[in-house]
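Colleague: Using the sequences and the hints, build the whole thing.
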Amino acid sequence: MAVNREKDGAPGFLTTRFEAMLAWGRKYSIWPFTFATACCGIEVMGAFGTHYDIARFGAEVIRFSPRQADMLLVAGTVNYKMAPVLQRIYDQMLEPKWVVAMGACASSGGFYNNYSVVQGIDKFMPVDIYIPGCPPIPEQIIDAIVLIQKMIETGEPRARERWPIKI
Amino acid sequence: MTDKPKSIVLQKLTERFGADIVATHSDFGDDTALVRRERIVEICTYLRDDPDLLFDFAMDLTGVDYLGEEPRFEVVYHLFSLEKKHRVRIKARVPEEDPVIDSVIPVWVGMDWFEREAYDMYGLIFRDHPNLRRILMYEEFEGHPLRKDYPKARRQPTVGPQE
Chain A
1 MAVNREKDGA
11 PGFLTTRFEA
21 MLAWGRKYSI
31 WPFTFATACC
41 GIEVMGAFGT
51 HYDIARFGAE
61 VIRFSPRQAD
71 MLLVAGTVNY
81 KMAPVLQRIY
91 DQMLEPKWVV
101 AMGACASSGG
111 FYNNYSVVQG
121 IDKFMPVDIY
131 IPGCPPIPEQ
141 IIDAIVLIQK
151 MIETGEPRAR
161 ERWPIKI
Chain B
1001 MTDKPKSIVL
1011 QKLTERFGAD
1021 IVATHSDFGD
1031 DTALVRRERI
1041 VEICTYLRDD
1051 PDLLFDFAMD
1061 LTGVDYLGEE
1071 PRFEVVYHLF
1081 SLEKKHRVRI
1091 KARVPEEDPV
1101 IDSVIPVWVG
1111 MDWFEREAYD
1121 MYGLIFRDHP
1131 NLRRILMYEE
1141 FEGHPLRKDY
1151 PKARRQPTVG
1161 PQE
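So the sequences go chain by chain: A and B. With the numbering used here as the guide, the letters of the first sequence map in order to residues 1 to 167. With the numbering used here as the guide, the letters of the second sequence map in order to residues 1001 to 1163.
A couple of the hints might just be wrong.
[What the hints assert, rightly or not] Listed below are the simulated DSS-like cross-link pairs for lysine-lysine, each with C-alpha atoms no more than 25 Å apart in a straight line:
(1) A:K97 - A:K150
(2) A:K81 - B:K1152
(3) A:K97 - A:K81
(4) B:K1012 - B:K1084
(5) A:K123 - A:K81
(6) B:K1148 - A:K81
(7) A:K123 - B:K1152
(8) A:K27 - A:K97
(9) A:K150 - A:K27
[To be verified] Just a sample of chain B residues kept apart from chain A, beta carbon distances all over 12 Å, derived:
(10) K1006
(11) R1016
(12) G1018
(13) A1019
(14) A1023
(15) E1096
(16) E1097
None of these hints come from the bench; they were simulated from the model. Owing to the predicted nature of the structure, the values given are computational and were not obtained by experimental measurement. Yeah, the Cβ is synthetic: ideal placement off N, Cα and C, and Gly gets one too.
Modeller: Listed below in structure tokens is the structure:
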């Protein structure tokens, strides 16, 4: 975006592309949907609370309906019995949508190397940002949101557009 | 430990059922009786109804997999009497080729979900259980995960959204 100024220095008008304008609006209004199944959920609450205050990044409107959310924040262990539920919630979200796998369990199964836990939610759904940690600190959630904002700004393809990943 | 006199619970059990009580011990004060699985319902009914025993609280039921032993499985019942304040542990061995034992739901209705859990995790069949379905795992799950020969690294296919 280029801002053209008046003679007194005040911004008069700006020229931009429609996509850039849209991205600018989107990046400061990411509405998260939290899918918290374990201790990561507590850190999510901390990040949304007054101290870390994720509202500073325009992501304060927590939507508990997937149809109104832009970002799915999977915080916690996902087992095989929960996977269909998560997948349905993901399917119900409207485009464009981003997915954050928060913590070791959602990213890789964590230390639950057993019969019941899915070894990372990317086994069955696309993931844009992985947050390491067990559990991660609220700053890392903020970092994830900033990374998504960068993705929106640059128009970087989402994981969904590359899904399924073929190795 | 074996020199101590038998508790009233084990004494009455062995008197009443004789050879169907395979073994008993009271190590560390825990009365335990190994019984034959064919008479488990009779034994449990007796434990509940006898005026000296009155085991009205079935606290737990679980399975054990002794892989390599014969019979392979064991069903363990933990009972408590709210009236008499005493406990007993009943065990019954169940072979692998015929992992069937009678359901004790007619005796304690609360054993319903415990038996379903034992079925889910070990594949033990509780005869005449009214609703013997998986309770922890989902319907499509294959195998019984707490069996010792369930491969640790085995992964189940993920199931899509349910209708």
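Colleague: It remains to establish, for every hint, whether it holds in the given structure.
Modeller: Verification of the supplied hints:
1. For the given pair, K97 (chain A) sits about 14 Å from K150 (chain A) by alpha-carbon distance, which is consistent with the 25 Å threshold.
2. A distance of roughly 18 Å separates the Cα atoms of K81 (chain A) and K1152 (chain B); the hinted pair therefore holds under the 25 Å criterion.
3. The hinted pair formed by K97 (chain A) and K81 (chain A) meets the criterion: a straight-line CA distance of about 24 Å does not exceed 25 Å.
4. For the suggested pair K1012 (chain B) and K1084 (chain B), the alpha carbons sit about 15 Å apart, so the restraint of at most 25 Å is met.
5. Our distance criterion of 25 Å between C-alpha atoms is met by K123 (chain A) and K81 (chain A), whose separation comes to about 14 Å.
6. Between K1148 (chain B) and K81 (chain A) the CA atoms are separated by roughly 22 Å; this keeps the pair inside 25 Å, and the hint holds.
7. Distance check on the hinted pair: K123 (chain A) and K1152 (chain B) sit about 18 Å apart at the alpha-carbon level, within 25 Å; holds.
8. Among the hinted pairs, K27 (chain A) with K97 (chain A) is consistent with the structure: their alpha-carbon atoms are about 12 Å apart, no more than 25 Å.
9. Annotation: proposed proximity of K150 (chain A) to K27 (chain A) holds, straight-line Cα distance about 8 Å (limit 25 Å).
10. No beta-carbon of chain A is positioned within 12 Å of the beta-carbon of K1006 (chain B); the least distance is around 42 Å.
11. Its beta-carbon lying about 42 Å from the closest one in chain A, R1016 (chain B) satisfies the requirement of being farther than 12 Å from that chain.
12. Every CB of chain A lies more than 12 Å from the CB of G1018 (chain B), the least distance being 42 Å, so the non-interface label holds.
13. The non-interface label for A1019 (chain B) is consistent with chain A: the shortest C-beta to C-beta separation is roughly 40 Å, beyond 12 Å.
14. With a least CB separation of 33 Å from chain A, A1023 (chain B) remains clear of the 12 Å interface cut-off, as annotated.
15. With 12 Å as the threshold on Cβ separation, the claim that E1096 (chain B) sits away from chain A holds: the shortest Cβ distance comes to roughly 20 Å.
16. Residue placement check: E1097 (chain B) keeps its beta carbon more than 12 Å from all beta carbons of chain A (closest about 24 Å).
Checked against the numbered hints listed earlier, the structure breaks none of them; every hint is satisfied.
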